[in-house]
Amino acid sequence: DGGITQSPKYLFRKEGQNVTLSCEQNLNHDAMYWYRQDPGQGLRLIYYSQIVNDFQKGDIAEGYSVSREKKESFPLTVTSAQKNPTAFYLCASSIDSGNTIYFGEGSWLTVV
Amino acid sequence: AQSVAQPEDQVNVAEGNPLTVKCTYSVSGNPYLFWYVQYPNRGLQFLLKYITGDNLVKGSYGFEAEFNKSQTSFHLKKPSALVSDSALYFCAVGPGGFKTIFGAGTRLFVKA
Chain A
11 DGGITQSPKY
21 LFRKEGQNVT
31 LSCEQNLNHD
41 AMYWYRQDPG
51 QGLRLIYYSQ
61 IVNDFQKGDI
71 AEGYSVSREK
81 KESFPLTVTS
91 AQKNPTAFYL
101 CASSIDSGNT
111 IYFGEGSWLT
121 VV
Chain B
3 AQSVAQPEDQ
13 VNVAEGNPLT
23 VKCTYSVSGN
33 PYLFWYVQYP
43 NRGLQFLLKY
53 ITGDNLVKGS
63 YGFEAEFNKS
73 QTSFHLKKPS
83 ALVSDSALYF
93 CAVGPGGFKT
103 IFGAGTRLFV
113 KA
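So the sequences go chain by chain: A and B.
Here the first sequence is numbered in this note's numbering, starting from 11 and rising by one per residue.
Here the second sequence is numbered in this note's numbering, starting from 3 and rising by one per residue.
Next up, chain A with everything else stripped away, as it sits in the complex:
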């Protein structure tokens, strides 16, 4: 089945640690995105990539980093510089940067 796979579903981070959330898509989409959703809140764009080997900061990029070495993969690293990382993280993709966005199932990150 075609889709967007995020892993892990639940992740716990200790203070001072970097953690990486995985996102893989087999939809052959050029564009990929990372959003953050806080409980009861809307979506905020962290980073996006319109094509392989290129990515751009979104509205809340501080404390996060990404890479786009393969078309199918867009991992998000939450660094220790992100002071309030506890949230639900959503990966998404679209055929191109001007089209309908489709989402993965999300990953919960909690600081312990």
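If you are wondering where the hints come from, they were derived from the structure by calculation, not from laboratory data.
Don't be surprised by glycine CBs; every beta carbon is placed ideally from N, CA and C.
Among the clues, some could well be false.
Under 8 Å between C-beta atoms, here's a sample of chain B residues computed to sit facing chain A [stated by the list, open to error]:
{"hint": "1", "residue": "Tyr-41"}
{"hint": "2", "residue": "Lys-51"}
{"hint": "3", "residue": "Phe-69"}
{"hint": "4", "residue": "Lys-79"}
{"hint": "5", "residue": "Gly-99"}
{"hint": "6", "residue": "Gly-105"}
Anything over 12 Å on all C-beta distances counts as not near chain A; from chain B, calculated [stated by the list, open to error]:
{"hint": "7", "residue": "Ala-16"}
{"hint": "8", "residue": "Thr-22"}
{"hint": "9", "residue": "Thr-74"}
{"hint": "10", "residue": "Pro-81"}
{"hint": "11", "residue": "Ser-86"}
{"hint": "12", "residue": "Phe-111"}
Using the hints provided, position chain B relative to the given structure of chain A.
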């Protein structure tokens, strides 16, 4: 600048009754409009979109949305609500990709 508003934080409806979830938008030019649904602990699922053409757009799970240019609205509707429709609904305005702006979401409760 584009913007989207969902004026109701929560909508309550009895099972079997029609439901409406409201959305208004502000764009320059022709709007691309989207509706997504999010069930607890899940990613957003695409329901439908309006780009051009018929003002009544049909989507997944029996949902439809009515585009009204004069009122700058794109309300989501369903003739007969199900308990399983209870979820968080997001309206979004395009043109798609990283330029998509999501509303704050409306929580729908369908009571048996």
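Consistency of the hints with the structure:
1. For Tyr-41 (chain B), the interface hint is violated, since its Cβ never comes within 8 Å of a Cβ in chain A; the closest pair sits about 10 Å apart.
2. Given hint, Lys-51 (chain B) at the interface with chain A, holds; its Cβ is 6 Å from that chain's nearest Cβ, closer than 8 Å.
3. For Phe-69 (chain B), the interface hint is violated, since its Cβ never comes within 8 Å of a Cβ in chain A; the closest pair sits about 16 Å apart.
4. At its closest, the beta carbon of Lys-79 (chain B) sits 20 Å from a beta carbon of chain A; the interface hint therefore is violated under the 8 Å criterion.
5. Restraint check, Gly-99 (chain B) versus chain A: the minimum CB separation of about 4 Å is within 8 Å; hint holds.
6. The criterion of a C-beta within 8 Å of any C-beta in chain A is met by Gly-105 (chain B), whose closest approach is roughly 7 Å, and the hint holds.
7. Annotated as non-interface, Ala-16 (chain B) keeps its C-beta farther than 12 Å from every C-beta of chain A; the closest such distance is 24 Å.
8. Every C-beta of chain A lies more than 12 Å from that of Thr-22 (chain B), the closest at about 20 Å, which supports listing it as non-interface.
9. At the 12 Å boundary, the C-beta of Thr-74 (chain B) stays outside the reach of chain A, the nearest C-beta of that chain being 19 Å off.
10. Interface exclusion of Pro-81 (chain B) from chain A stands, the closest Cβ pair being 25 Å apart, more than 12 Å.
11. Under the 12 Å C-beta cut-off, the non-interface status given to Ser-86 (chain B) relative to chain A holds; the minimum distance is some 18 Å.
12. No Cβ of chain A comes within 12 Å of the Cβ of Phe-111 (chain B); the nearest lies about 14 Å off, and the non-interface call holds.
Of the numbered hints given earlier, the model fails hints 1, 3, 4; all others are met.
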